[in-house]
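These are the residues of each chain, in order.
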Amino acid sequence: MKLEENIKTEFHQYKNQAEENAFFQMREKAFAEFDKNGFPTIKNEEWKYTNLKSIFDKNFKSTCVSSANVKNLLVDSVFNSIKANKLVFVNGSFNPELSNIIEKDNAIVISNLAKARKENTNVFDAHFGKYAKIENESLNAMNMALMSDGAFVYVPSNKKVENPIIIMNVVDSTDINVLSQPRNLIVIEKNAEACIVESYISAGTNASFINVVNEIYVDENAHLEHYKIQQQTGESYQNNYTQIFQEANTNINQVTLTLDGTMVRNNLHFYMNGKNCDTLLYGLYITEGSNHVDNHTRVDHAMPNCHSNELYKGIMKDKSTAVFNGKIMVHLDAQKTNAYQRNQNILLDPEATINTKPQLEIFADDVKCTHGATVGQLDEEPMFYLRSRGIPEDVARKMLLNAFADDIAEKIKIPELVGLLEQLIEEKL
Amino acid sequence: MIATNKMLSIKNLKAEIEGKKILNGINLEVKAGEVHAIMGPNGAGKSTLSAVLAGRADYDVTEGSVTLDGKDLLDMSAEDRAREGVFLAFQYPIEIPGVSTTNFLKTAVNEKRKYQGLEPMEATDFLKLMRQKMEFVEMDKSLTSRSLNEGFSGGEKKRNEIFQMAMLEPKLSILDETDSGLDIDALRLVSEGVNKLRSKDNAYIVITHYQRLLDYIVPDFVHVLYKGRIVKSGDASLAKELELKGYDWIKAEVEASM
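Protein chains in written order, with our numbering: chain A, 157 to 585; chain B, -5 to 252.
Some hints could be false.
Claimed, not checked - Computed list of lysine-lysine pairs in DSSO-like fashion (alpha-carbon distance at most 27 Å, straight line): (1) A/LYS554 with B/LYS108; (2) B/LYS65 with B/LYS0; (3) A/LYS260 with A/LYS569; (4) B/LYS151 with A/LYS554; (5) A/LYS584 with B/LYS100; (6) A/LYS567 with B/LYS100; (7) B/LYS108 with A/LYS584; (8) A/LYS554 with B/LYS100; (9) A/LYS260 with A/LYS315; (10) A/LYS289 with A/LYS431; (11) A/LYS569 with B/LYS135; (12) B/LYS135 with A/LYS567.
Calculated from the structure, these hints are not laboratory results.
Sequences are here, hints too, so could you generate the full structure?
Listed below in structure tokens is the structure:
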């Protein structure tokens, strides 16, 4: 368990020079939690199909060194041509030179967490560490104990962020096996509106492990577009925990695209704390080789009259594996809930695997909920239809696979980005 | 036109699905310029015949032959049959979300051209052709930018089939119960579309349960299919007779002769 030792060493080094303040106390508490539970194993029901052992045996270390490759990597990324606010983090450290904020309204804060802790103290204190729990969540605890930096976005009441905000996480393992632990805090106040994209890419040939925590607070009547685009290459491991806390009348559209990565685990949680929330969550994972993607989602309907709709799609090639575990929790008070969940998978090779588990837990009695999962090959009927028009089998297959995948990519409301992503998807398929 | 210009020749065609015999020896010759109607009671094998001709894999052909302009059709994949000029207008056109009608047709047209050794069509020429052919069936322009058949009404789906037929200019078109589920206006539009496409160089097999469609698309020959065999053939007046008398008299004739 090299990683566990490294974490302990790092924390003790940090502790020796840390100031004794509230922030430090939170981290110390988190470290104690991590120390108590250690890393989750496959005996833990939530981790049954995702074995982290290969990560914990590696000698990952935190570093803030970044190589010259990073700049070129950003130029080559799908986001380069997109007009947006860009926050760049390399191995979890903020890189102001590569970042670019174009938003004109100074009341909107698009910054980094380390700075916000000092300059936006009220917002930081009111929300930091309040949503992503650390109890029995060792990886969250580990992030809290040693997180480096991350994005801070604050949109005050009635403000609309005109351009998307892209949080670009580059993991650069040029020199060593890198451990990166960014943490993002996003606060959208009443009647405000924002579009936020998280991007993950890699540089370097050593292994990398990025352990991300996102805390997102969306106040009444606010609207959030939130996208996660995961394209890490090489031997890359990612654990990505996102807790979105919604007040009444909020409207959220969330899309997660996992296009690459040796092992990706997403934990995406929504908590509806007020009435009339509307939450859409979409996911697409395309896996190949021996890659592994695990999407754990949870939607908590805690209050009445909320609507959620979830659609996750997967295309698995070679010997790759994927996990879908979607839980809808309808609390006792959440009458008139409408909650829908679907998971559709296409296995392209005999050795590809999906473990899918749609789950509904309902404690209210006046609700409409459905869930379901499908696993299979491409449907015969559309195939025959296309072929009967003279389209050869391989071309027809590509058309149908692209259509299956683009359906999710098109939920992203940045048209120029959708075009580029669809091109990427087409190349992958 | 040369009188011996046989386009399609079906000889003693027998086919089954999951061991169940559906076609029990069909013989049919279709020449360029002709319209053949195939009628018959439910379960006679009408849709099976169209599926076998179009190359649906679910059916096993156990005996017989089918040639198109002398080429063995049964030996070809579904896409090759289409590129050789066979077109099936589906009874139930399927919805394909995510594939736009325009993109689909561009691919189909260009795959056919590639097969014929031609260059792909210029984008502007293609769009011009689409506009022109859409008028044939009074197809709404907005439908082509949408996903294939997605959310289309029954009538729109059938019109889309005829529109595709107009785009692909097949030699042999098989209309499988194109009239089913159509109101009288849609039926008229679809039929007029087909009539405009009729020429001395192409042929049609119109499969229908009812005579109604044949008031609009007047056939040269009418065949009655029963128990997987053509049991009676005649001209357009046979369809009228069937409309008046139903199928029972034919069934009785067949049973008596067995």
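Check: Quick one, are B/LYS151 and A/LYS554 close enough, alpha carbons at most 27 Å?
Finding: At roughly 24 Å apart (the allowed maximum being 27 Å), A/LYS554 and B/LYS151 satisfy the hint.
Check: Under the criterion that the straight-line Cα-Cα distance not exceed 27 Å, is the pair B/LYS135, A/LYS567 satisfied?
Finding: With Cα atoms ~24 Å apart, B/LYS135 and A/LYS567 stay inside 27 Å; holds.
Check: Is A/LYS554 within 27 Å of B/LYS108, Cα to Cα?
Finding: holds (18 Å)
Item checked: Distance restraint between A/LYS584 and B/LYS100, which requires alpha-carbon spacing of 27 Å or less -> holds (23 Å)
Item checked: 27 Å limit on alpha-carbon distance, applied to hinted pair A/LYS554 and B/LYS100 -> Holds. A/LYS554 to B/LYS100 sits at ~15 Å (cutoff 27 Å).
Margin query: Please verify whether A/LYS567 and B/LYS100 have alpha carbons no more than 27 Å apart.
Written below: holds (25 Å)
Notebook entry, point to check: Is B/LYS108 within 27 Å of A/LYS584, Cα to Cα?
Noted result: holds (25 Å)
Next item on the list: Would you check the hint for A/LYS569 and B/LYS135, treating anything up to 27 Å between C-alpha atoms as holding?
Entry: holds (25 Å)
Next item on the list: Verify the proposed pairing of A/LYS260 with A/LYS315, using a straight-line Cα cut of 27 Å.
Entry: Roughly 12 Å separates the two Cα atoms, so the pair holds.
Notebook entry, point to check: Is the Cα-Cα distance between A/LYS260 and A/LYS569 27 Å or less?
Noted result: Judged against 27 Å, a Cα distance of about 21 Å means the pair holds.
Note to self: Against the 27 Å threshold, does the CA-CA distance of A/LYS289 and A/LYS431 hold or violate the hint?
What the structure shows: holds (23 Å)
Next item on the list: Take the C-alpha atoms of B/LYS65 and B/LYS0, compute the straight-line distance between them, and say whether it is at most 27 Å.
Entry: holds (12 Å)
Consistency with the previously given hints is maintained throughout, with no hint failing.
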